[in-house]
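There are 2 protein chains.
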Amino acid sequence: MPRSHGSEIDTLIQLLAKLPGLGPRSARRSALQLLKKRDSVMVPLANALHDVADSIEICSECGNLDTVNPCHICGDIRRDQTTICVVEDVADLWALDRSETYRGIYQVLGGTLSALDGVGPDDLNVEKLISRATQEDVTEVILALNATVDGQTTSHYLAERLEDAGVKVTALAHGLPVGGELDYLDDGTLAAALRSRGVVT
Amino acid sequence: MPRSHGSEIDTLIQLLAKLPGLGPRSARRSALQLLKKRDSVMVPLANALHDVADSIEICSECGNLDTVNPCHICGDIRRDQTTICVVEDVADLWALDRSETYRGIYQVLGGTLSALDGVGPDDLNVEKLISRATQEDVTEVILALNATVDGQTTSHYLAERLEDAGVKVTALAHGLPVGGELDYLDDGTLAAALRSRGVVT
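Protein sequence lines correspond, in order, to chains A and U. For the first sequence, the UniProt record's numbering gives the first residue as 1, with consecutive numbering after it. For the second sequence, the UniProt record's numbering gives the first residue as 1, with consecutive numbering after it.
To be clear, the hints were calculated from the coordinates, so they are not data collected in a lab. The model shown is predicted, which means the values in this text are computed figures rather than measured ones. Mixed in with the good hints there might be a few duds.
Which copy is meant is left open, because identical chains are indistinguishable; a pair holds if it fits in one copy or across any two.
Unchecked claim - Below, a list of computed lysine to any residue pairs in the SDA-like style, where the Cα atoms sit at most 20 Å apart:
| id | residue 1 | residue 2 |
| --- | --- | --- |
| 1 | LYS168 | ASP122 |
| 2 | LYS37 | GLY198 |
| 3 | LYS37 | LEU15 |
| 4 | LYS37 | ALA27 |
| 5 | LYS37 | ASP123 |
| 6 | LYS36 | ALA91 |
| 7 | LYS128 | ILE58 |
| 8 | LYS128 | ASP39 |
| 9 | LYS37 | THR67 |
| 10 | LYS37 | GLN14 |
| 11 | LYS18 | ASN69 |
Construct the complete structure from the given sequences, taking the supplied hints into account.
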C-alpha cells in the first residue's frame with residue numbers, strides 16, 4: 001500500500017478517529033488542520049492533554065472527574081451541603097451544573113441498574129450514596145437519572161433504599177422541554193406534562 | 001460562574017472545539033471520553049501530537065506535509081517521476097493518493113488564483129511547478145484542481161503557463177460521480193458527462 005505520509009501521522013489520525021463525533025474522514029481533516037496550525041493549536045492541545053492526563057482524578061466524595069480531589073464542587077464551601085443530586089454519569093453532572101440552577105453537591109452513580117447488562121447495585125456507587133445521605137446534615141436527595149426505563153428503575157430502587165435514611169427524596173419533573181412543540185412530542189411526555197400540570201398564577 | 005471542573009479541563013475542551021467537525025458540545029463529550037480512557041487514548045493522543053508536532057515538515061519538493069523531507073512520496077524511487085499531479089491542497093493530495101490509481105509525484109499549489117481574495121500567481125507555488133515541469137524527465141502535468149470557478153480559472157492559467165514547458169498538460173475528467181444518480185446531479189455535471197461521453201466497448 002502506498003504511503004503519502006509518515007506512520008506518526010497515521011497514528012495521530014487513528015487516535016483522533018476514536019473521539020466521539022469524529023470518523024476516519026473527519027479525523028483526517030482534523031489532523032491536517034492540526035498540522036497547519038502547529039503552534040496555535042497542535043502544541044497547545046498536546047500540552048493540555050498531558051496536563052489533564054497527569055492531574056486527572058476521580059473525586060473520592062462524589063465521583064466527579066477533575067484535576068483536584070476533592071473536586072471543585074465538593075471543595076466549594078459555598079455549596080449547599082444539605083442536598084445531594086444523584087446523576088448517572090459525569091457528563092450529566094456537568095450538564096446540570098451548567099444550568100446554574102442547582103447549588104448543592106452531587107453523587108455520580110456510574111450507570112444504571114440493568115438486568116440485561118448484568119449491572120447490579122454493587123456495580124454502582126449506591127452504598128456511597130446511602131452513607132452520604134444518612135449523614136446528619138443532608139436533608140434532601142434529588143434523583144436526576146435519565147428518563148429511560150433503566151434510569152427510572154434505578155430511581156425507584158434508590159428511593160426504596162433511601163426510605164430509612166431520614167431524607168426527602170425527590171426526582172426531576174417530567175414535562176415539555178422548554179422551546180418544545182406539542183406536535184413533535186411523544187405521548188408519554190405529553191401525558192406526564194398533563195398529569196403534572198400546575199396552576200397558572 | 002460556578003465551576004464543576006478545573007481550568008485545565010476547560011482549556012482542553014476549548015482546544016478540542018477548534019477541530020473541524022467538533023463544536024462546544026461534542027468537544028465536551030470528547031474531553032469526557034478522553035478522561036475516561038486516560039491510558040488507552042488520552043496519553044497516546046498527547047504523545048502522538050507531540051511526536052508529529054516535533055517532526056512535521058513541508059516537503060521542499062512538492063509541498064506535502066510529512067514527518068520527513070523530502071516526503072514519503074517524493075522519496076519513493078518506485079514512483080513515476082515523469083508525471084506531476086497538481087493539487088490545490090495537501091488534503092487533495094492525500095485524497096488522490098488514497099485512491100491508489102496514481103503512482104506519480106505531486107505539486108501542492110497552496111490554493112487557487114482568486115481576484116476576490118487577492119491571491120495572485122506569486123502567492124502560489126506556480127514557479128516551483130514550472131521549474132519542475134521543465135525538467136528533462138517530466139512528460140506530463142495533470143491538473144487536479146477542484147471543479148470550482150476558481151479551480152478551473154487556475155487550471156486555465158497553469159495550462160497557459162505550461163505551454164512552453166514541453167510537457168503534455170491534462171486535467172481530471174468531468175462526469176458522473178461513481179454511484180451518483182442522474183436525478184440528483186446538477187445541469188453542469190450532466191452536460192459535461194454528455195459532452196465527454198465515451199464509446200461502450
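(Q) Regarding LYS128 and ASP39, is the shortest C-alpha distance of 20 Å or less found within a copy, between copies, in both, or in neither? (A) For LYS128 and ASP39, the Cα distance exceeds 20 Å both inside one copy (45 Å) and across copies (26 Å).
Q. Are the CA atoms of LYS37 and ALA27 at most 20 Å apart within a copy, between copies, both, or neither?
A. Both: 15 Å inside a copy, 18 Å across copies.
Q. Given identical chains, is LYS37 near GLY198, meaning Cα to Cα at most 20 Å, within a copy, between copies, both, or neither?
A. For LYS37 and GLY198, neither the intra-copy (54 Å) nor the inter-copy (44 Å) Cα distance is at most 20 Å.
(Q) When Cα atoms must be at most 20 Å apart, do LYS18 and ASN69 count as within-copy, between-copy, both, or neither? (A) The answer is neither: 28 Å in one copy and 29 Å across copies each exceed 20 Å.
(Q) Within a copy, between copies, both or neither: which one fits LYS128 and ILE58 at a CA-CA cutoff of 20 Å? (A) For LYS128 and ILE58, the Cα distance is within 20 Å only inside one copy (14 Å; across copies 55 Å).
(Q) At most 20 Å between CA atoms: does that hold for LYS168 and ASP122 within a copy, between copies, both, or neither? (A) Result: close neither inside a copy nor across copies, 23 Å intra and 73 Å inter.
Q) Should LYS37 paired with ASP123 be assigned to within, between, both, or neither, using CA atoms and 20 Å as the limit? A) The answer is between: 19 Å across copies meets 20 Å, while 43 Å in one copy does not.
Q. How do LYS36 and ALA91 come out at 20 Å by Cα distance, when the copy is not named: within, between, both, or neither?
A. Classified as between: cross-chain Cα gap 11 Å, same-chain 31 Å, threshold 20 Å.
Q. Given a CA cutoff of 20 Å, do LYS37 and THR67 count as a within-copy pair, a between-copy pair, both, or neither?
A. Between copies only: 15 Å across chains, 27 Å inside a chain, cut-off 20 Å.
Q | 20 Å Cα threshold - placement of LEU15 relative to LYS37 | A | Classified as both; 18 Å inside a copy, 12 Å across copies.
Q. Between copies, within a copy, both or neither: which fits LYS37 and GLN14 at Cα up to 20 Å?
A. For LYS37 and GLN14, the Cα distance is within 20 Å both inside one copy (19 Å) and across copies (15 Å).
When held up to the earlier numbered hints, the structure conflicts with 1, 2, 8 and 11 and fits the remainder.
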